[in-house]
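For chain A, the structure is supplied; the task is to place chains B, C and D on it using the hints.
Residue numbers (the working numbering), protein chains in the order written: chain A, 35 to 596; chain B, 4 to 158; chain C, 2 to 377; chain D, 17 to 442.
In short, the hints are calculated from the structure, not lab data. Backbone N, C-alpha and C define an ideal beta-carbon position, used for all residues, glycine too. You may find that some hints are simply not true.
[Stated by the list, open to error] Now the in silico label distances, taken between C-beta atoms and shown as ranges: (1) Ser398(A) with Gln82(B): 38 to 46 Å; (2) Asp271(A) with Ala379(D): 50 to 58 Å; (3) Ala81(D) with Gly73(B): 20 to 28 Å; (4) Asp103(D) with Lys317(A): 41 to 49 Å; (5) Glu171(A) with Ala81(D): 47 to 55 Å; (6) Pro176(A) with Ala81(D): 23 to 31 Å; (7) His461(A) with Pro297(D): 22 to 30 Å.
[What the hints assert, rightly or not] Some chain A residues flagged as far from chain C (calculated, every beta-carbon gap over 10 Å): (8) Glu63; (9) Asn199; (10) Tyr397.
[As the list claims (entries may be wrong)] Here are a few chain D residues that sit away from chain A, every Cβ distance over 10 Å (derived from the structure): (11) Thr65; (12) Thr107; (13) Gly141; (14) Thr192; (15) Ala193; (16) Arg194; (17) Asp210; (18) Gly216; (19) Arg224; (20) Leu232; (21) Ser252; (22) Asp253; (23) Thr300; (24) Glu340; (25) Ser420; (26) Val426.
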Amino acid sequence: MSDRPRVGVFVCHCGSNIAGHVDVAAVAEYARSLPGVVFVQRNMYTCSDAGLTEIKTAITDQGLERVVVAACTPRTHEPLFRGACREAGMNPYLFEFVNIRDQCSWVHMREPQAATRKAQDLVRMGVAKACLLQPLEEQEVPVEPAALVVGGGMIGMTAALNLANRGFDVKLVEREPELGGLLLRLDKLYPTQDDALPLVEARIAEVRRNPRIEGFTDSMLNEVKGFVGNYEVVVKDHEGRLSSFTVGAIIVATGARVFIPEGLYGYDGQRVITQLELEKRFKEREIDADRVVMIQCVGARIPERPYCSRICCTTAIKNALEIKAHRPSAEVYILYRDTETQGTRYEAYYTRAREAGIQFIRYSPERPPEVSAKRVVVYDELLGAKLGIPYDLVVLSTPLVACDGASELAQMLKVPVDEHGFFLEAHVKLRPLDFATDGVFVAGTARWPSHLEETITQAYGAAARAATILSKDHVTSSGVVAWVNEYLCRGCGACVEVCEFGASSLVQVSPGVEVARVNPVMCKGCGACASVCPTGAMTAMHFTDAQVTAMVRAALSSESMS
Amino acid sequence: MGEFQPRIVVFACNWCSYAGADLAGASRMQYPPTTRVIRVMCSGRVTPGFILEAFRLGADGVLVTGCHPGDCHYISGNQNAVATVEKTAQLLRLLGIETGRLRLEWISAAEGARFARIMTEFTDQIRALGQSPLGNSHRGELDTVGIGEHIGCET
Amino acid sequence: MTFKDILRRTRSTYCLDCGKCTGSCPVSRVDVTYSPRSTIERVLAGRPEDLINNRHLWSCLTCGLCTTRCPSNVDYPAFVVAARIEARKVNVEGTYAHNAIMQQLMGIMAQSVNQNRTGWVTADLRTADRGDDFYFVGCLPYFDVIFADLGVVSTDAARDAVRLMNAIGIVPVVSDDERCCGADLLLNGDEESFRKLAEVNVQVIADSGAQRAIFACPEGYNAFRNDYPCYVGPLPFEVVHLSQLLVEHLGEIELSELAETVTYHDPCRLGRYLGMYDEPRQVIQAIPGIELAEMRKNRANAICCGSAGWVNCGQCAKGIQMTRLRQAQATGAGRMITACPKCRIHFSCALKDAGDEFTLELEDLMSLLARALALE
Amino acid sequence: MRDVLVVGGGIAGIQASLDLAEMGIQVHLVERLPSIGGRMAQLDKTFPTNDCSTCILSPKMNDCARHPNITLHTYAEVTALAGSAGDFTATVHEHPRYVDEAKCTGCGECAQKCPTKVPDAFDMGLRQRKAIYLYFPQAIPQVMTIDPDHCIYLQRGKCGVCIKTCQAEAIDFEQTAREVTLRVGAVVVSVGFDFFDPRGLTQFGYERCPNVITALEYERLISASGPTGGHLLRPSDGQPARQIGFIQCVGSRDVRYQAFCSSVCCMHSSKQAVLACEHDPEATSYVFYADFRASGKGFREYVARAEREYGVHYVRSRVARVTEDEANNPVIHYEDADTSRPARRAVDLAVLATSLIPRPDTARLAQVLGIEVDSNGFVKTEPLTPVDTTRPGVFAAGCCRGPSDIPESVVQASAAAARAASWLVD
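Next comes chain A alone, as it looks inside the complex (with noise of 0.2 Å):
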């Protein structure tokens, strides 16, 4: 290490931008004195094709193995440089960014003499790093081109045709023993009322078409590992039957499942029902209620369920209508808390209950309804009058939950839930179908209670996600990952739980010996592990703990600043 490398260092004047304020001829004379550097240049702007030019015969004529740029932001222009050193033969985890404009020459402009000090500060900061920079290698993995959607419900089936469309080979796992979900327990779908079941039917028979979609019901995943690109499933049939097979995403669309009242407003599954209950009477054409009242948020909004289902106004104005519909002399009552009809279909369809006659009555959670055996009695927020109303049915709607299994799932894949065990995305704004982890995704009610026009554009999207993996050969890391010196390492595992991406695992390597592996496709390069590592074993590579001291040195070490 005593023998440094050649390093060049170009100063951009940025026009006047940086020269306006600094002493770029001050800066580049001071770079040439500091140690290691070989080579100094200055350009007007460092970015233009002319100092691209520049910087890349320099690589070959002088001889340069790294090279500083003092110049900008690295977040904007370290890929236009990083790039003008790989095409010039150069690793390029050999440059090195030197922000003079945003942090020196724009913000102390009333100082030149500070800034052109400060300037040459981070120049100094800048070569001390450069010094130490390693070549990396950003790794390539193979991607197996198939995906593994868990759920064969509505949502599950339309991403696997949306993928096995588009040439990738699809394992459709679902628990029950036929594919469609809950859809086939509904009657009719809002706003449009048509009936569910020819559209269930129709994307079963789609999926049973499609060569490319290998169906497994009444299936459970046995076992999933890998990582994004290669991942490696066994899934068990009902009889215990093993089957194994690697894909390159997966996408989990579980769904949910509807709550039951047991307890609540006197359900008892006869006269007081729920929504669902309600379709399956409408699917058996047993409908002989002239007096419905429907009872809202029954079990949500509440304490210990404190979310809105989202989908139960909806719901509930598509059943009322349905009443009309089969007995237009009914008298259908929603007792409600707030009408979650939004947007411009649902806040219509809204309207188009109360033309049918429906009344909604609104009621506050202080005074609940209450259903005795004749009549159910409801404080009217607005008449600010108790309201007794006789019904020949009650219908509970009851909020969507977790389905079973999911928190079982959620471990085998690694991905987390939320406290009501709807799985939780990587960003709730961002990246509403991504899991932290790489390639796995999420889509549906699994993820949250969502309209079935959601739900769909969700599989889609989902779909979407998983195609932008399962469509390239391989997947790169980048060259700014952790790596792990395994004699350094004491396997304590500091470093697994710290790391939210799941890239570092403890592996034996001689028997009572563990230590800690980086899969580098894994890891996003954060370092967190690097700093909870008790033995140095682990390495934050491009921001080392020599490269990152080094520059501490740099800053504080000889006039500068003062």
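Chains B, C and D only, in chain A's frame:
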């Protein structure tokens, strides 16, 4: 040189705080030339070792900046930063170095003004504290090799 | 020092190539690629740079087991330390544990700081600012912060040490100006900072008017006894280990019964370096009802806690620690007593890694005695 | 494999482009404005996590800019779409920036010197920009644009300060509009939405009372990079606003204006109320609403926290009118739900949650693209084919197909990408 010019080392995470510094620049927000930013991918990468090294070499202040809680690009890295800074502060207390010389701040990519303000505030805070007790030693230690720069143990 | 000198001074030139060292070395038993003999061979063969650029330069625990066995009495630990000093001159260092926090702290303490390190002294303890006896605490207050996650409170041992001193009529000076003894810096090859620390510590103790420095930490004790004189000349005060004093005053303190079986781990410095095998055992056995069960490897044959100088604390260290813990467990003792705060930390870490294999508890020698004291 | 045309560079367009590009498909992303980023770039924080909008958006914008499979056509519009699914020919009209994209480094030196000040559209006219300008600091591409309507040189042939200033020699007044013809297999429409102009609803006092502002103006006010540096100051006197009234459904759920619900206002108002309190613990907010719609993931919990921890008051009542007292305080008139009697509350600042409506040019664009719009003027889609428009091979995502929050728009974008891609298999 007149007024005491503190020597302040700033660690900034790539995704939020460094971007905040860029925005401060793009918006031409002026702040004292007393800080030297070291970019790391995540505030969780900063170790007590880095911070103590800065103080050992006479830094008058060290500022660790990262994404606001919940915004961390790596989900929870900034929580590690909280632990690191707290632990280091305890050590500074034992060493008799004012804990006011070490600070942790959340600065988002949209908070250029905040970045500039914190640079100014912290500089004033350090000016008030005066030069570090270790300030006089370790000048002119140009380019000593980093701690831990051992031969890459081939395993 | 040239490597020629190093070889001579450490008697390495007398090496018989017998390999007894390798056979004895606890490191070699885990890391079979490591051999003290061949490390010396490299230099004897006139290729010191091979050693400097070899990770094995940092593998040695300087535990001294090889030296006690070496037929030519080669001082291998001294050889290694000297070699590390040379390595440092060309900017080669080992991989420090805990992000080099320890090295940073020592480096900072080598400068002018006004520490607040005596916060651990509780009201029930009698200490002084000036006096005949200076209690050299060591880095325990810093360990409390750094190893909080291991649940080790090192200053408990310091409080118990003072309780014992008070019990035998000593009111020691404890000082905020005390520095790290620097032993670990020396092991890392940083002579310069070690010298600074030695100078300051000697000054601080002398200024307190103390005639005698009392140690509970074997590393500090060894640094003062064996290393300080080489760097700062003869010390203006006497240095003793607390266990020695306790042995002398056993008659004066009443210890109540502790019906338990313990085993004792000999720290390398206290044992092989200073030959203090008996005193700790005597004080333990002074406790009525206690049974001291010896490990298979004890006294001069004791194996190291696996880590020294806060460097190279890897799988090799862990392997050694596991071996030692199993030896302790095998004695059927409920507690392993150690006289060294660092041994205690390293074993606690190993116990954490090991999970439920061990039922063993760790306790500092002073804390064990103080417990017997407390029960009065 | 054919390329895909994405029209509209907001978060939906960006996501669709990235997904397609990552599938190895060549994408042409056409944006009407000088920079991609869309509405999300104007937001301060996003519910329910209070994530900083810029922090999460600008990395995606950068990804777009540097992705080898994405070609950006900013400051451009689609003027024709011939052919049929799998084989379209699109015509893109690129407006002249009068700045050479290849040379300009976005350094902004020219804007420093440019003498002409113009109200800044990105900041809702709350501050001034120059005639040569960067659309916003994180703009992608990082390239200046000259506003032909205000540039003295283009108007009167003199000035040219920018020419003298620019050392990159990027200013080019000779630049003219370009027509680009693209052959694409599918199209994704993601042209976003506009906010309903509350001036029509005089009862809410917008314009009449200086301290009645719209939700988007509020976003800019509270944004750290906004005109007031994130300080919530009343337009009338620059005093900090401590009592804030949020008025929901301004133009929404009203048969005379927008019959539909704008979906996102209940939540964005809650978020804005929370932010007010985060900026100034003294702040008290009142949210006046009819039905509170918060059925998205984590929304109810967010609202509960707003109420519990930030003391946000939720008032169940639609505001009838807003008057002004002598201190320029907006006075909000509503019906007290408990007593059913008229009530009023004076606040420092009133914020109107105006409807999300189709952009005025959506109908025209729909004609160009040969797709239908629905009765509300949004791009028409069907519940079971949510991202398919009425023309095969043309898909829609984001708010141009109806009000959606950010995650919904992102999901729709990915879905549109999946549907579009399935037309490219050859």
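Now for the hints, and whether the structure bears them out:
A hinted range of 38 to 46 Å holds for the C-beta pair Ser398(A) and Gln82(B), which are about 39 Å apart. For Asp271(A) paired with Ala379(D), a C-beta distance near 54 Å keeps the hint of 50 to 58 Å intact. Here the CB-CB span from Ala81(D) to Gly73(B) is close to 27 Å, well matched to the stated 20 to 28 Å. For Asp103(D) and Lys317(A), the Cβ-Cβ distance of about 45 Å falls inside the hinted range of 41 to 49 Å, so the restraint holds.
At about 26 Å, the CB distance of Glu171(A) to Ala81(D) disagrees with the hint of 47 to 55 Å. Here the CB-CB span from Pro176(A) to Ala81(D) is close to 29 Å, well matched to the stated 23 to 31 Å. A hinted range of 22 to 30 Å for the beta carbons of His461(A) and Pro297(D) is consistent with their spacing of about 29 Å. Listed as outside the interface, Glu63(A) is consistent with that label: its C-beta sits roughly 27 Å from the nearest C-beta of chain C, beyond the 10 Å cut-off.
With a least CB separation of 50 Å from chain C, Asn199(A) remains clear of the 10 Å interface cut-off, as annotated. For Tyr397(A), the shortest C-beta to C-beta distance to chain C comes to about 52 Å, beyond the 10 Å cut-off, and the non-interface label holds. Non-interface status of Thr65(D) relative to chain A is broken: a Cβ of that chain comes within 10 Å, the nearest being about 6 Å off. For Thr107(D), the condition that its CB be more than 10 Å from all CB atoms of chain A holds, with the nearest at approximately 27 Å.
Its beta-carbon lying about 26 Å from the closest one in chain A, Gly141(D) satisfies the requirement of being farther than 10 Å from that chain. Every CB of chain A is more than 10 Å from the CB of Thr192(D) (nearest about 24 Å), matching its label as outside the interface. Non-interface call for Ala193(D) relative to chain A: holds, since the shortest CB-CB distance, roughly 26 Å, exceeds 10 Å. The beta carbon of Arg194(D) is kept farther than 10 Å from every beta carbon of chain A, the shortest such distance being approximately 21 Å.
Once the 10 Å rule is applied to beta carbons, Asp210(D) is consistent with being away from chain A; the minimum gap is 15 Å. No beta-carbon of chain A is positioned within 10 Å of the beta-carbon of Gly216(D); the least distance is around 20 Å. The Cβ of Arg224(D) sits about 29 Å from the closest Cβ of chain A, beyond the 10 Å cut-off, so the non-interface label holds. Distance to chain A confirms Leu232(D) as a non-interface residue, since its nearest Cβ pair spans about 18 Å, more than 10 Å.
Against the 10 Å criterion, Ser252(D) stays outside the reach of chain A, whose nearest CB is about 33 Å from its own CB. Listed as outside the interface, Asp253(D) is consistent with that label: its C-beta sits roughly 32 Å from the nearest C-beta of chain A, beyond the 10 Å cut-off. Distance check on Thr300(D): its Cβ is at least 23 Å (rounded) from any Cβ of chain A, clearing the 10 Å threshold; non-interface status holds. Glu340(D), annotated as away from the interface, keeps every beta carbon of chain A farther than 10 Å; the closest lies near 30 Å.
A beta-carbon of chain A comes within 10 Å of the beta-carbon of Ser420(D); the shortest separation is about 8 Å. Its closest Cβ contact with chain A, about 6 Å, brings Val426(D) to no more than 10 Å, contrary to its assignment away from the interface.
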